[in-house]
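Dock chains B and C against chain A, hints included.
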Amino acid sequence: MGVVDKHSLLESFSVGRGVVKPSRKLYIIEPGNVRRVFEALIEKFGYGGFYLSTIVGTDLRDEGRIRLDYYIVLLPEEETVVLRTFIPRENPVIDSLVDILPGALSGECETHDLLGVVFRGNPFLKRGFFAPRDVVEKGEYPLRKDSGV
Amino acid sequence: MKRPRLLGLVLKNLVSKPATIQYPRVKTPVEPDFRGVQYADLGKCTGCSLCAIECPADAIKMTPIPPEYEVPKTNPRRIYPLINYGKCVFCYRCVKVCPTNAYIATNKYDIAGVSRLTSEAFSLTTLRRVGS
Amino acid sequence: MGVTKIVEIPVVTTEVPVGPQHPALHEPLLLKVYAEGEEVVKVEVNTGYNHRGIEKLCERNTFYRDIFVVGRVCGICNAVHANCYVRALEQLLDLHPNKRAQYLRVLAMELERVHSHMLINAVMAEIVGFETLFMQIMLDRERVMKAKEILTGGRVLADYMMVGGVRRDIDEEKRQRIRELLLKLKPRVEYYRKVFEEDETIVKRLEGVGRISYSEATSHSLVGPTARGSGVKIDSRVSDKYDAYGEIPFNLVTRSEGDSWARMMVRWDEALESIEMNIYILEHLPSDGNPVPDERRLPRRFPPGEAYTRVEAQRGELTYYVMSDGKGQNPYRVKIRTPSFNNIINSAFMYIGYSLADVPVMLTSLDPCISCMERVTVIDLEKNTRYRLDLKQLAGGKL
Numbered sequence: 001m002g003v004v005d006k007h008s009l010l011e012s013f014s015v016g017r018g019v020v021k022p023s024r025k026l027y028i029i030e031p032g033n034v035r036r037v038f039e040a041l042i043e044k045f046g047y048g049g050f051y052l053s054t055i056v057g058t059d060l061r062d063e064g065r066i067r068l069d070y071y072i073v074l075l076p077e078e079e080t081v082v083l084r085t086f087i088p089r090e091n092p093v094i095d096s097l098v099d100i101l102p103g104a105l106s107g108e109c110e111t112h113d114l115l116g117v118v119f120r121g122n123p124f125l126k127r128g129f130f131a132p133r134d135v136v137e138k139g140e141y142p143l144r145k146d147s148g149v
Numbered sequence: 001m002k003r004p005r006l007l008g009l010v011l012k013n014l015v016s017k018p019a020t021i022q023y024p025r026v027k028t029p030v031e032p033d034f035r036g037v038q039y040a041d042l043g044k045c046t047g048c049s050l051c052a053i054e055c056p057a058d059a060i061k062m063t064p065i066p067p068e069y070e071v072p073k074t075n076p077r078r079i080y081p082l083i084n085y086g087k088c089v090f091c092y093r094c095v096k097v098c099p100t101n102a103y104i105a106t107n108k109y110d111i112a113g114v115s116r117l118t119s120e121a122f123s124l125t126t127l128r129r130v131g132s
Numbered sequence: 001m002g003v004t005k006i007v008e009i010p011v012v013t014t015e016v017p018v019g020p021q022h023p024a025l026h027e028p029l030l031l032k033v034y035a036e037g038e039e040v041v042k043v044e045v046n047t048g049y050n051h052r053g054i055e056k057l058c059e060r061n062t063f064y065r066d067i068f069v070v071g072r073v074c075g076i077c078n079a080v081h082a083n084c085y086v087r088a089l090e091q092l093l094d095l096h097p098n099k100r101a102q103y104l105r106v107l108a109m110e111l112e113r114v115h116s117h118m119l120i121n122a123v124m125a126e127i128v129g130f131e132t133l134f135m136q137i138m139l140d141r142e143r144v145m146k147a148k149e150i151l152t153g154g155r156v157l158a159d160y161m162m163v164g165g166v167r168r169d170i171d172e173e174k175r176q177r178i179r180e181l182l183l184k185l186k187p188r189v190e191y192y193r194k195v196f197e198e199d200e201t202i203v204k205r206l207e208g209v210g211r212i213s214y215s216e217a218t219s220h221s222l223v224g225p226t227a228r229g230s231g232v233k234i235d236s237r238v239s240d241k242y243d244a245y246g247e248i249p250f251n252l253v254t255r256s257e258g259d260s261w262a263r264m265m266v267r268w269d270e271a272l273e274s275i276e277m278n279i280y281i282l283e284h285l286p287s288d289g290n291p292v293p294d295e296r297r298l299p300r301r302f303p304p305g306e307a308y309t310r311v312e313a314q315r316g317e318l319t320y321y322v323m324s325d326g327k328g329q330n331p332y333r334v335k336i337r338t339p340s341f342n343n344i345i346n347s348a349f350m351y352i353g354y355s356l357a358d359v360p361v362m363l364t365s366l367d368p369c370i371s372c373m374e375r376v377t378v379i380d381l382e383k384n385t386r387y388r389l390d391l392k393q394l395a396g397g398k399l
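Protein chains in written order, with the working numbering: chain A, 1 to 149; chain B, 1 to 132; chain C, 1 to 399.
This is chain A alone, in the form it adopts within the complex:
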């Protein structure tokens, strides 16, 4: 199965397209669909067909939402694609991937600890994963733009 199949699969879920420099294809996906995309990827191409490189959470304070980017590397071509989704800043909840894709653990734990995104169904989420205790006690999420940290 070539890389074209993988792109057409991602495209079928996407509601928008874009590019992150240097020429990484970007697919915008509804937050409710993120888990389904990964389920489809695993089902069609298996665990050896891709890996989740990183989860980047960005606080877009002016727009009132948090942007989550899932960077996936397609194997064996080693092409990086981006799945982008937006969740509301007030109630940042999204389905966890950790039970179907264990590699999501580190990214989800970090994003929860530093940005306050709740990954529904991830039992390993905890504050103080990285942030020091005084920040945790105050209930601050350091990477939010208004955290005052």
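Honestly, the hints are just simulated from the structure, not real lab data.
Nothing here was measured: the structure is a model prediction, and the numbers come from that model.
Be careful, since some hints might not be right.
Derived, one-sided and incomplete: chain C residues facing chain B with beta-carbon distance under 10 angstroms [said to hold, decoys possible]:
hint, residue
1, V69
2, R155
3, R175
4, Q176
5, R296
For glycine and all other residues, C-beta sits at the position ideal for the given N, C-alpha and C.
Just chains B and C now, kept in the frame of chain A:
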């Protein structure tokens, strides 16, 4: 399984000189362009503060030059960059961004000591005292 | 006399903390190991001992100051960090350094790979109990450090990358000296590789310990020599062909065994490849102009945009995401994902079923770098004020 011969290496090391250097009694050999202590030549410095703005470690503070020194006319505000070497990371950003190439780079690396070391003594020697 | 009584000793799960002081390397990380007898049944990875706030610090500083901030994420891999960040900035600015600069960048990064791989193999020798070998490898590693000093002006912290090129050029004399050092080093590395391949003690200690299969490596997002030791062909040098990697011949090293020994052998083979690459670079160094940009004339304003760059650091794929909103002098968001971040946190599954004594060996075979893994956030709540840590405190690199 064949074993690689380590014995020869061990014997060689038993008779050879130790590889370690007795610092500080013996100086470590460094390159002439090793990034060591750097300071501003106040004959060229214009007090523009660009190095203090660009310093990634906030190690440079613009400080007034004491009144007993003759300051060139190109430095009307009579200030100079005072580098705190305890904070400095020796990235040489200041050396490279200086618009007048006023920084003097040396390969002096042995700056550990009991007192706080700054560039004050180095920089002020580049100026003449009033009346001398 | 027959057996009259059988005493059953219940198997209790014991919790054994490995770390946070010196779990294997001299770095803070806590592995909570749950063992039944000698057998490991569960491992929890506890982090947060070395958190310094680099990502937030990057948002606070200007684009150019950040080049030196990210160089201090980790001491061992500072050139690759800076390279990755600088290339992200170049993508934003649409700037392209010339060929000579690209070759010199690769030279600095590959020198770093050689000394990093030598270091972790030396540490592995120490963990195995082979301290003489540790000393020997570290002694020969000094040659690479010297080569790096000649090239960049610093033994460890290179500060060599700059937007649009590198920060200092090399002349004919330096070129010859680096080449001689590498030629002297090469037989030594070949010898150490042979020691790791053939020495009974090392092979018995490492073989079959911490096996990772191909699909486990990809599903747990393991990268770098850890994944390549399991036969996963990932190397951003090959796929992204950044800087001059498209022009310099080298082989992608993989092994199929998937155990600790395979990971260490991948490192030795890569170190040899890197030495070959460096000699190639020094012999084929193009001279198409000055590789050193004038740092006073670089563009001060960054257009809005986002860039995501990957680089093959010594421990695996390192990625930087840099976003500029075009409004100020500072980046809006910098996200650093280091290889150790995936390799350490996601690999808790690997320890299960092995004995307690194998834990340090397995951890070392991942080449963990805690200072790489942990970044972000510095605050002082007592005074309720922000403060900025000076870089000396931030520069907690490895060793």
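Hints, verified against the model:
A least Cβ separation of about 6 angstroms between V69(C) and chain B falls short of the 10 angstroms threshold, and the interface hint therefore holds. The closest approach between the C-beta of R155(C) and any C-beta of chain B is roughly 8 angstroms, which is under the 10 angstroms cut-off, so the hint is satisfied. With 10 angstroms as the threshold, the beta carbon of R175(C) stays out of range of chain B, its nearest partner Cβ sitting at about 14 angstroms, so the hint is violated. Evaluation of the Q176(C) hint against chain B yields a violated restraint, the C-beta minimum of about 14 angstroms exceeding 10 angstroms.
Given hint, R296(C) at the interface with chain B, holds; its Cβ is 6 angstroms from that chain's nearest Cβ, closer than 10 angstroms.
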